[in-house]
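Hey, can you work out the whole structure from these sequences and the hints?
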Amino acid sequence: MMQISWIKRIGLVLGTVAVSGLLAAQARSNDKTAALYKQKCAVCHGANGKATAAGQKMGGHDFDSAEVKKLSDDELVSAIDKGVGKMPAYGKSLKPEQIKDLVAYIRSMAK
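Quick note on numbering: the sequence shown equals residues 549 to 659 in this note's numbering.
FYI, nobody ran anything at the bench for these hints, they're computed from the structure.
Treat the hints with care, as some may be off.
In the PhoX-like style, the derived pairs of lysine-lysine whose C-alpha atoms are separated by at most 20 Å in a straight line are [said to hold, decoys possible]:
{"no.": "1", "residue 1": "Lys659", "residue 2": "Lys648"}
{"no.": "2", "residue 1": "Lys640", "residue 2": "Lys630"}
{"no.": "3", "residue 1": "Lys648", "residue 2": "Lys586"}
{"no.": "4", "residue 1": "Lys618", "residue 2": "Lys659"}
{"no.": "5", "residue 1": "Lys648", "residue 2": "Lys580"}
{"no.": "6", "residue 1": "Lys634", "residue 2": "Lys580"}
{"no.": "7", "residue 1": "Lys588", "residue 2": "Lys640"}
{"no.": "8", "residue 1": "Lys618", "residue 2": "Lys586"}
{"no.": "9", "residue 1": "Lys648", "residue 2": "Lys617"}
{"no.": "10", "residue 1": "Lys618", "residue 2": "Lys630"}
{"no.": "11", "residue 1": "Lys659", "residue 2": "Lys634"}
{"no.": "12", "residue 1": "Lys586", "residue 2": "Lys634"}
{"no.": "13", "residue 1": "Lys643", "residue 2": "Lys659"}
{"no.": "14", "residue 1": "Lys643", "residue 2": "Lys598"}
{"no.": "15", "residue 1": "Lys598", "residue 2": "Lys640"}
{"no.": "16", "residue 1": "Lys630", "residue 2": "Lys643"}
{"no.": "17", "residue 1": "Lys605", "residue 2": "Lys634"}
{"no.": "18", "residue 1": "Lys640", "residue 2": "Lys580"}
{"no.": "19", "residue 1": "Lys598", "residue 2": "Lys634"}
{"no.": "20", "residue 1": "Lys588", "residue 2": "Lys634"}
{"no.": "21", "residue 1": "Lys630", "residue 2": "Lys648"}
{"no.": "22", "residue 1": "Lys588", "residue 2": "Lys643"}
{"no.": "23", "residue 1": "Lys580", "residue 2": "Lys605"}
This one's a predicted model, so the numbers in the text were calculated from it and none came from an experiment.
So this is what it looks like as structure tokens:
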């Protein structure tokens, strides 16, 4: 009986360590995505997802606008990858997973 309890404790500790590691990796990923957003997107789309004056002149939208909210994730990926309107294409300078992370980051701003 004592051995089962010890095994459960080891499992609990290992599980806790694994979850902590995943959360830390996710936080680092979120930090990288925030930095990438600031570098590539914030000039036009603003630090908080509200289009700047420069962005509005180029046809940029607020991320909480109806136009952006109705777009699918695939449509947002395509817009970032290939560009749309006056927005440049970033497909050659960003990896697909970075674009996917940016879409998730944009969605979080629209809430």
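> Is the Cα-Cα distance between Lys643 and Lys598 20 Å or less?
Replying inline: 25 Å, violated
>> Just to be careful, I want the Cα atoms of Lys648 and Lys617 compared with a cutoff of 20 Å; is the pair within it?
In response: Roughly 16 Å between the alpha carbons, so the hint for Lys648 and Lys617 holds.
> Does the structure keep Lys630 and Lys643 at a Cα separation of 20 Å or less?
Replying inline: OK: Lys630 and Lys643 at ~13 Å, within 20 Å.
> Is the straight-line distance between the alpha-carbon of Lys630 and that of Lys648 20 Å or less?
Replying inline: 14 Å, holds
>> Lys605 and Lys634 were given as a pair; does the straight-line alpha-carbon distance stay at or below 20 Å?
In response: Answer holds: Lys605 to Lys634 is near 10 Å, not above 20 Å.
> Is the hinted pair Lys618 and Lys659 satisfied, with a Cα-Cα distance of at most 20 Å?
Replying inline: 13 Å, holds
> Between Lys598 and Lys634, does the CA-CA distance stay at or below 20 Å?
Replying inline: Distance of about 17 Å is within 20 Å: holds.
> Between Lys580 and Lys605, does the CA-CA distance stay at or below 20 Å?
Replying inline: 28 Å, violated
>> Hinted pair, alpha-carbon criterion (20 Å max): Lys588, Lys640. Please report holds or violated.
In response: 13 Å, holds
> Is the straight-line distance between the alpha-carbon of Lys598 and that of Lys640 20 Å or less?
Replying inline: 26 Å, violated
> Are Lys648 and Lys586 close enough, with their CA atoms no more than 20 Å apart?
Replying inline: OK: Lys648 and Lys586 at ~16 Å, within 20 Å.
> Are Lys640 and Lys630 close enough, with their CA atoms no more than 20 Å apart?
Replying inline: 9 Å, holds
Comparing the model with each numbered hint stated earlier shows that hints 6, 8, 11, 13, 14, 15, 23 do not hold.
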